[in-house]
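J.: Sequence:
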Amino acid sequence: MAKENRSTDQLISAIINGIEDVKGKEITILDLRDIENTVCDYFIICEGTSNTQVSAIVNSIQKKVSKELKDNPWHTEGLDNAEWVLIDYVNVVVHVFQKHVREYYDIESLWGDAKTTVIETSY
1340 MAKENRSTDQ LISAIINGIE DVKGKEITIL DLRDIENTVC DYFIICEGTS NTQVSAIVNS
1400 IQKKVSKELK DNPWHTEGLD NAEWVLIDYV NVVVHVFQKH VREYYDIESL WGDAKTTVIE
1460 TSY
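Residues are numbered in this note's numbering as their position in the sequence shown, beginning at 1, plus a constant of 1339.
Fair warning: there could be bad hints in the mix.
Stated by the list, open to error - Derived DSSO-like pairs (lysine-lysine); straight-line CA-CA distance at most 27 angstroms: (1) K1409 to K1362; (2) K1362 to K1454; (3) K1454 to K1364; (4) K1409 to K1438; (5) K1362 to K1406; (6) K1454 to K1403; (7) K1403 to K1362; (8) K1406 to K1364; (9) K1438 to K1402; (10) K1364 to K1402; (11) K1438 to K1364; (12) K1364 to K1403; (13) K1362 to K1438; (14) K1438 to K1403; (15) K1438 to K1454; (16) K1402 to K1362.
If you're looking for bench data, these hints aren't it; they were derived computationally from the structure.
Please put together the full structure from these sequences, using the hints given.
T.: Here it is, written out as structure tokens:
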């Protein structure tokens, strides 16, 4: 179990680094482990200012995780219009939004019972 936690922590760290490399905004981690019947352990949510930046964030995350952990997502969807891209790493699901789409769906409120961690960025 400790090894699984370590690998999940490494995955989250690599994802956050990938987002920060291309200046993704408003990074939030939702810890879903204490909520019953969830599909994964963590959501990582961030936003880009355009579909170009959303695509760049997704590419950066995938390259970082692949290089550091030799892991690929189980599933990715939403790249065609790049307004909301979901990257599924099984235990960790990443949501990369454009701001207006993030505000509309408001995932943080839907999962209001989750422990929330906001990542401070320096840019």
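J.: Determine for every hint whether it applies to the structure shown.
T.: Results for each hint:
1. K1409 to K1362: holds, 23 angstroms
2. K1362 to K1454: holds, 24 angstroms
3. K1454 to K1364: This hinted pair holds, its Cα atoms lying about 19 angstroms apart.
4. K1409 to K1438: violated, 30 angstroms
5. K1362 to K1406: holds, 19 angstroms
6. K1454 to K1403: holds, 25 angstroms
7. K1403 to K1362: Cα-Cα ~14 angstroms, so holds.
8. K1406 to K1364: The hint holds at about 23 angstroms.
9. K1438 to K1402: The hint holds at about 23 angstroms.
10. K1364 to K1402: holds, 19 angstroms
11. K1438 to K1364: holds, 9 angstroms
12. K1364 to K1403: holds, 17 angstroms
13. K1362 to K1438: Holds: K1362 and K1438 sit about 14 angstroms apart, inside 27 angstroms.
14. K1438 to K1403: holds, 23 angstroms
15. K1438 to K1454: holds, 22 angstroms
16. K1402 to K1362: Within the cut-off at roughly 15 angstroms; holds.
Going through the hint list in order, the structure does not satisfy hint 4, though it satisfies all others.
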